[in-house]
Amino acid sequence: MKTLARQVKLETKLFLRRRDDLFWTLAFPLFIIVLFGLIYGDMLWEDFGLRAIEYILPGIVVMALMTSGIMATASGFVEDREKGIYRRLSLTPLKRHTILGGQLIQRYIVILVQAILLLVVGGLAFDIRISGNLFLVWLVVTLGALCFLSIGFLLTGLIKSARAANGISMVVFFMLMFLGGVFFPNEMMPGFLRVFSDALPSTNLNDVFRAVMIMNTGIGEMWRELLIAGGWSVGSLVLAVRLFRWE
Amino acid sequence: MNKVVEVENLVKRYGSLAAVDDVSFSVEEGEVFGVLGPNGAGKTTTVEMIEGLRKPDSGSIRVLGIDAFKEPERIKELIGVQLQTTSLYDRIRVKEAVDLFGGYYRQAIPTSVLLEEVSLTDKVGSYVSELSGGQRQRLALALALVNDPAVVFLDEPTTGLDPQARRGVWSTMADLRQKGKTIILTTHYMEEAEELCRRVAIMDHGKIIALDTPDALIAGAGLDSRIEINHVPEALRSVLNQADLPARVSEDGDKMLLHTKEASRVLKEITRVAAEHDVELESISVQKATLEDVFLTLTGRELRE
Numbered sequence: 001m002k003t004l005a006r007q008v009k010l011e012t013k014l015f016l017r018r019r020d021d022l023f024w025t026l027a028f029p030l031f032i033i034v035l036f037g038l039i040y041g042d043m044l045w046e047d048f049g050l051r052a053i054e055y056i057l058p059g060i061v062v063m064a065l066m067t068s069g070i071m072a073t074a075s076g077f078v079e080d081r082e083k084g085i086y087r088r089l090s091l092t093p094l095k096r097h098t099i100l101g102g103q104l105i106q107r108y109i110v111i112l113v114q115a116i117l118l119l120v121v122g123g124l125a126f127d128i129r130i131s132g133n134l135f136l137v138w139l140v141v142t143l144g145a146l147c148f149l150s151i152g153f154l155l156t157g158l159i160k161s162a163r164a165a166n167g168i169s170m171v172v173f174f175m176l177m178f179l180g181g182v183f184f185p186n187e188m189m190p191g192f193l194r195v196f197s198d199a200l201p202s203t204n205l206n207d208v209f210r211a212v213m214i215m216n217t218g219i220g221e222m223w224r225e226l227l228i229a230g231g232w233s234v235g236s237l238v239l240a241v242r243l244f245r246w247e
Numbered sequence: 248m249n250k251v252v253e254v255e256n257l258v259k260r261y262g263s264l265a266a267v268d269d270v271s272f273s274v275e276e277g278e279v280f281g282v283l284g285p286n287g288a289g290k291t292t293t294v295e296m297i298e299g300l301r302k303p304d305s306g307s308i309r310v311l312g313i314d315a316f317k318e319p320e321r322i323k324e325l326i327g328v329q330l331q332t333t334s335l336y337d338r339i340r341v342k343e344a345v346d347l348f349g350g351y352y353r354q355a356i357p358t359s360v361l362l363e364e365v366s367l368t369d370k371v372g373s374y375v376s377e378l379s380g381g382q383r384q385r386l387a388l389a390l391a392l393v394n395d396p397a398v399v400f401l402d403e404p405t406t407g408l409d410p411q412a413r414r415g416v417w418s419t420m421a422d423l424r425q426k427g428k429t430i431i432l433t434t435h436y437m438e439e440a441e442e443l444c445r446r447v448a449i450m451d452h453g454k455i456i457a458l459d460t461p462d463a464l465i466a467g468a469g470l471d472s473r474i475e476i477n478h479v480p481e482a483l484r485s486v487l488n489q490a491d492l493p494a495r496v497s498e499d500g501d502k503m504l505l506h507t508k509e510a511s512r513v514l515k516e517i518t519r520v521a522a523e524h525d526v527e528l529e530s531i532s533v534q535k536a537t538l539e540d541v542f543l544t545l546t547g548r549e550l551r552e
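Taken in sequence, the protein lines are chains C and S. Residue 217 in the working numbering is what sits at position 217 of the first sequence, and the numbering runs on without skipping anything. The number in the working numbering is simply the position in the second sequence, starting from 1, with 247 added.
Keep in mind that the hints were calculated from the coordinates and are not lab data. There could be a bad hint or two in this list.
[As the list claims (entries may be wrong)] Quick list of in silico lysine to any residue cross-link-like pairs, SDA-like style, CA-CA up to 20 angstroms:
id : chain 1 : residue 1 : chain 2 : residue 2
1  : S       : K302      : C       : Y86
2  : C       : K13       : S       : V375
3  : C       : K95       : S       : E324
4  : C       : K13       : S       : I339
Predicted, not measured: the structure shown is a model, and the values here were computed from it.
For reference, chain C alone in the conformation it holds in the complex (with noise of 0.2 angstroms):
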């Protein structure tokens, strides 16, 4: 328990030293909301009934979590392999699984202070009310964090130099982005694009969160949108655990 609590706050430091991860994962995500808020103002989208901008943030909020979940994991873990760190920690005691755990927590609770940071930036700036239960609010960004961690995980069994994991995150996260409805609806794509978005995690997750925290539907009306979102965790889960590689 103690050296996993140290593995935490290690990992802790490392990330708030880090000016890439900062920027990736607070300062991006913040800007985004900010701009579309000004952009959008009060604008109403009446096919939703909803403000533009009450559309678009639980996107965001998919947005931030793929900045942790998927580029901050693939990038960092790929390039300290690369550079041999976990190959001296097997030289002491420290045990892998200690490793991975620090690694797993600290990435969750910047999620988490990601998710708060924008619903409260939302809620102050541009009065933005959650009106849905805020029990399922964090089921859904716990959800959502083990789907792109296992996705950012699986990525680093699947590349093998920092380089192309830096690429490849960014493509994959760009794509998951702008193809899931983050700041347009999909229903504004032409069709064959709307299949392949229809299929993708991002926009699974836009569609339950924001059915959870501001349209307030029932979480029951979601299954289909839950168990597409629930597969990619699981799928991506089970293929990281096989392909992850330590060297």
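Could you slot chain S onto chain C? The hints should help.
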């Protein structure tokens, strides 16, 4: 003498290549044991199997009496390792790194004492990414010593260092020897092995081809002195090659090497032949033979090519 490391019939294959081919040796308590050989001889693979980083295909390893395959975790507490290159997180400070590693062991030397020992006291607050090559090596050494290990493995600790930094590492190793630590040193610098090691195992192509004290290795190869003549004219070379000298003669371009136990006689003969053929010897030297010469004698190749 207690045997601190015992290795028997160690084999490691990569495909059809036997990187380590039936290697056996033991290291005694308190000695500096050198594993010497050219790059690719299997030195690093051998020590990394003892450290627990690689799994041998067959053979047995005991460290401090503990079976390395049955209880690797117990061994980790008792040994310290400096790898050929040690990478750390860029954004960690020197003091934090030592504290961190110390925390992984049941017992640890206080960070300030350790940093004093490797002369990094003025760098405690620096990020690892800001250190020079020599400073990084010293930090790696500090991390290897953090648990006050009984056995220390140093893999090419001075490769790539300037002469001054190399001297620094040597003096730290001398201190460790004073403290009674057992040190296993891999290196491809013969002079380093001669200076520091009590016994040396010379490896080539995955096998140990000789193992003894440096003096005994040199004497055993029938080499007391090495005579080196540079810029030898063709005429003189062929004469010397055919002369019946009590020496082993080898040539490298217009350079001649003569290894002998009778330096005076051989020198006399060389100067006689040179004078007879009216050749001026521009550059000739006599030195005590080194492990470098032992390697040359054993393999017919120079260690550094």
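Index of numbered hints that the structure contradicts, given in increasing order: none
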